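**Student:** The residues making up each chain are set out below.
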Amino acid sequence: MSASRSARAIWAILRKECRSEWRTRYGLNAALLFALTSLTAVSFAAGRLGDRSDLLAAFLWIVLLFASLASLSHTFVREVEGQTLPMLRRVASPTEIVAGKLLFNLLFLVVIELLTIPLFLLLMAAPAPQWGAFLGVLGLGSLALALASTLIGALIAQTRGRGALFAGVSFPLLLPVLAAAVNGTRAQWQNLPVASELRLLAAYGAALLAVSVLLVDHLWEE
Amino acid sequence: MTPAAPQAAAAAAMRIECRGVGHRYSAGRGLDPVSFTLTGPGLAAVTGPNGSGKSTLLRILAGLLRPVAGDSVVSVSGREVPAPERRHVTGWLAPELQFYGEFTVRENLDFAAEARGLAHGREAVLNAARAVGLSERLGDRAAALSSGLRQRLRLAFAILGDPPVLLFDEPGSHLDEAARERLAAFIQERRTSARVLVATNDSREWSLADERITLGTRDLGDPS
Chain A
1 MSASRSARAI
11 WAILRKECRS
21 EWRTRYGLNA
31 ALLFALTSLT
41 AVSFAAGRLG
51 DRSDLLAAFL
61 WIVLLFASLA
71 SLSHTFVREV
81 EGQTLPMLRR
91 VASPTEIVAG
101 KLLFNLLFLV
111 VIELLTIPLF
121 LLLMAAPAPQ
131 WGAFLGVLGL
141 GSLALALAST
151 LIGALIAQTR
161 GRGALFAGVS
171 FPLLLPVLAA
181 AVNGTRAQWQ
191 NLPVASELRL
201 LAAYGAALLA
211 VSVLLVDHLW
221 EE
Chain B
1001 MTPAAPQAAA
1011 AAAMRIECRG
1021 VGHRYSAGRG
1031 LDPVSFTLTG
1041 PGLAAVTGPN
1051 GSGKSTLLRI
1061 LAGLLRPVAG
1071 DSVVSVSGRE
1081 VPAPERRHVT
1091 GWLAPELQFY
1101 GEFTVRENLD
1111 FAAEARGLAH
1121 GREAVLNAAR
1131 AVGLSERLGD
1141 RAAALSSGLR
1151 QRLRLAFAIL
1161 GDPPVLLFDE
1171 PGSHLDEAAR
1181 ERLAAFIQER
1191 RTSARVLVAT
1201 NDSREWSLAD
1211 ERITLGTRDL
1221 GDPS
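Protein chains in written order, with the numbering used here: chain A, 1 to 222; chain B, 1001 to 1224.
Keep in mind that the hints were calculated from the coordinates and are not lab data. There's no promise every hint is true.
[As the list claims (entries may be wrong)] Example chain B residues on the side facing chain A (calculated, C-beta under 10 Å, incomplete): (1) Asp1140; (2) Ala1144; (3) Gly1148; (4) Phe1157; (5) Trp1206.
[What the hints assert, rightly or not] Here are the computed distance ranges between Cβ atoms for each label pair: (6) B:Pro1082 with A:Ala207: 25 to 33 Å; (7) B:Gly1070 with A:Trp11: 31 to 39 Å; (8) A:Arg25 with B:Glu1123: 53 to 61 Å; (9) B:Glu1136 with A:Ala70: 36 to 44 Å; (10) A:Leu33 with B:Gly1078: 52 to 60 Å; (11) A:Ser196 with B:Gly1139: 31 to 39 Å; (12) B:Arg1122 with A:Ala207: 36 to 44 Å.
It should be emphasised that the depicted structure is a prediction, and the values quoted were computed from it without experimental measurement. Yeah, the Cβ is synthetic: ideal placement off N, Cα and C, and Gly gets one too.
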């Protein structure tokens, strides 16, 4: 009963986030604009980077990170600034709220990736990825990215100066994700094994999930 | 007003108790320790000057705020409901309650009903909207509501699913006379099956109460 009630609450929050994003286009437009302009600008300035797998991997994750970060970091800030957090807390537990927003952030990342990656491969003339390894790195990297940004967003939502705080707190937490994701992406383009990067991303994601589970019930306690 | 689905059995075995409950936001701000016990259905008024902690007390009972002193009990059907689960048995109305401006009234209430896991969510939404006179406004965007209509939406949100405990903080604010009369009639009706606490300094609201909890002076919290 309790598990199904939680599942319904998480589903309701996910649908609410999707509907809100669809109505306001708060993050999607900005993310797509960033991805499109940065890819076009680099394409014009540097030409095709097909033989530079190291640059390709780094550039791909920079585009994904910065395109999505503005939205990912604001899922909780929007609730605080819109003063809707008390309403949300009246209908769901902190765990359900964070889970619903985590799923939305993951979905948002997937949408950004679906729109950005084909364009990236085309404009950068990137070699065909080894799809299994590429999608593995992309999936685990996105999961870790969504977990880290959701957790930080939840923690800093009610602090003063949260914008600056997000940048300061997220840098050390996101750096391992970026490093492993860039390494893994480069390795698959160089036909090298990516197992160690996948393990690192999975372990890091599991650690972030464990920390989230431990912390979320104490969020927003006054 | 639409008759609320009675939860008479739950209400009969209902108890709200505060044992030395106090809170401090900062020096001089908050709620001085208060103790009282309310049993069964009925209407209790929480009164006191501005800053005496009326809203804080209701937030504590709603499970939104952890007191720094004492403890509170909300017991329904003989079962003590821990603070994190009180959203399932309490309806809370307060001025700080805001809604998603980009959603309609119906979408806000539908979301609340769905997230709370109400069995007959659509029906509950229609009943709540009808009870507060918002049936004709279900398609309006929340951001476009006047302050009076927004207060009705807060009221609809609080009574959604007919919770056995209703915590109303300044429920009459922004309401016109007709809406106030509707609210008074609704409270009169619900006090027979639910425990209603109204934080107010409006004599039209507290004069109807069976019990009055006066805050503002240390140790004067017992019902009189």
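**Student:** Checking against the hints above, which ones are violated?
**Tutor:** 1, 2, 3, 5, 8, 11
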